[in-house]
Amino acid sequence: MHSATIVLLVSVFLASSVEMVEALTIIVAVGVTRGWRSALEGAAAALGVLVVLVLSIGPALVHYVPLDALRITVGGLLLVFGLQWLRKAVLRAAGLKAKHDEDAIFTEQVAELSAQDRPGNGRDSTAFVVAFKGMFLEGLEVVVIVITLGAADHRLGLASLAAGAAVVVVGIVGLIVTRQLAGVPENAMKMVVGLMLVSFGTFWSGEGVGVHWPGSDLALPVLVGVYALVAWVTVSLVARERRPGVEVA
Amino acid sequence: MPEAPRQDERPATSPARRYASAFGRFWWEFLIGDTPELLVGGILAVVVVALLAHHGVERAVTVASMPVLVVVVLGASVRRAQRAARGPRPPEP
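Chains A and B, in that order, give the protein sequences. Each residue of the first sequence is one higher than the one before, counting from 1 in this note's numbering. Each residue of the second sequence is one higher than the one before, counting from 1001 in this note's numbering.
Okay, chain A solo, but in the shape it has when bound (with noise of 0.2 angstroms):
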């Protein structure tokens, strides 16, 4: 298997991973509060949805978009992308910025869907569309990194399979700890991921631009070490200089 595909794969299932964290604490917190079937009936809706938008856009940008312009525009993208998530883990990792607490979502969804009046029988609207909206916009970035990812590499398939697998695993793992999602060590992974994103959009957007890359694929995982020492160094340094109780929002 060449080591962009690894590579690939690893950042996709990463990224859905992430992302599927992130609905499954809405999910929860619908499902506790307001009876499973809505939050389910609504997270399977918004899958759905997520699903058609791969199939309707992915192929047609691989068949229709030539393949430096594609690589471009989705290196150009991974980039910006990526470089949002490396900052935002740098910025974690170094104290700066507060670390995403799925507890605190949890109990803050809880109240809110308790406050709420719930019907008798049948299905529950608030449910339905909470549990949709967590799902669909969560899911909306890995729609994203997937085209992207598959497209400029010509592996939509390989990607949406990665992205797939990340839903199951998370989905059961997460139905059956139900509230220890907390746990999940979901800051390292936005920091693995930025790494692959930034990458990635290092590799395409240069491949796209007429850079010849020293080892073709294999300067991907070059690009993946050099990115993670200077996240490191940095992250050093800005904790150095931190002053205590000093965040950015």
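FYI, nobody ran anything at the bench for these hints, they're computed from the structure. All C-beta atoms in this analysis are idealised placements derived from N, C-alpha and C, irrespective of residue type, glycine included. Fair warning: there could be bad hints in the mix.
[Unchecked claim] Below, computed lysine to aspartate or glutamate pairings styled on EDC-like, alpha-carbon distance capped at 20 angstroms:
id : chain 1 : residue 1 : chain 2 : residue 2
1  : A       : Lys97     : B       : Glu1029
2  : A       : Lys133    : B       : Glu1037
3  : A       : Lys97     : B       : Asp1034
4  : A       : Lys97     : B       : Glu1037
5  : A       : Lys88     : B       : Glu1058
[Stated by the list, open to error] Short derived list, chain B residues pointing at chain A, Cβ under 7 angstroms:
id : residue
6  : Met1066
7  : Val1068
8  : Val1070
9  : Ser1077
10 : Val1078
Following the hints, put chain B in place on chain A, whose structure we already have.
Showing chain B alone in chain A's frame:
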């Protein structure tokens, strides 16, 4: 002077407009959010490398310039966040 329309008198927005606005908001948040420097820096990095690659600059320089520019963009954005966290400097005595 005409009176400002009350909240309940405002014309209702059409669903198409609402979806278009939500779509625009998603992409704005997705690409720009509170870090416009990453979008501008990312695009500049790609443009600079494209110019180097098409003007016969040595391959090693072109290859190295891409990750170096990306690291500079990340460093600048982290620095900006650090400064924002510290707040404005107190006036000098």
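Going through the hints against the structure:
no.: 1; hint: Lys97(A) with Glu1029(B); result: 18 angstroms, holds
no.: 2; hint: Lys133(A) with Glu1037(B); result: 29 angstroms, violated
no.: 3; hint: Lys97(A) with Asp1034(B); result: 14 angstroms, holds
no.: 4; hint: Lys97(A) with Glu1037(B); result: 18 angstroms, holds
no.: 5; hint: Lys88(A) with Glu1058(B); result: 34 angstroms, violated
no.: 6; hint: Met1066; result: 5 angstroms, holds
no.: 7; hint: Val1068; result: 10 angstroms, violated
no.: 8; hint: Val1070; result: 6 angstroms, holds
no.: 9; hint: Ser1077; result: 5 angstroms, holds
no.: 10; hint: Val1078; result: 6 angstroms, holds
Checked against the numbered hints above, the structure violates hints 2, 5 and 7; every other hint is satisfied.
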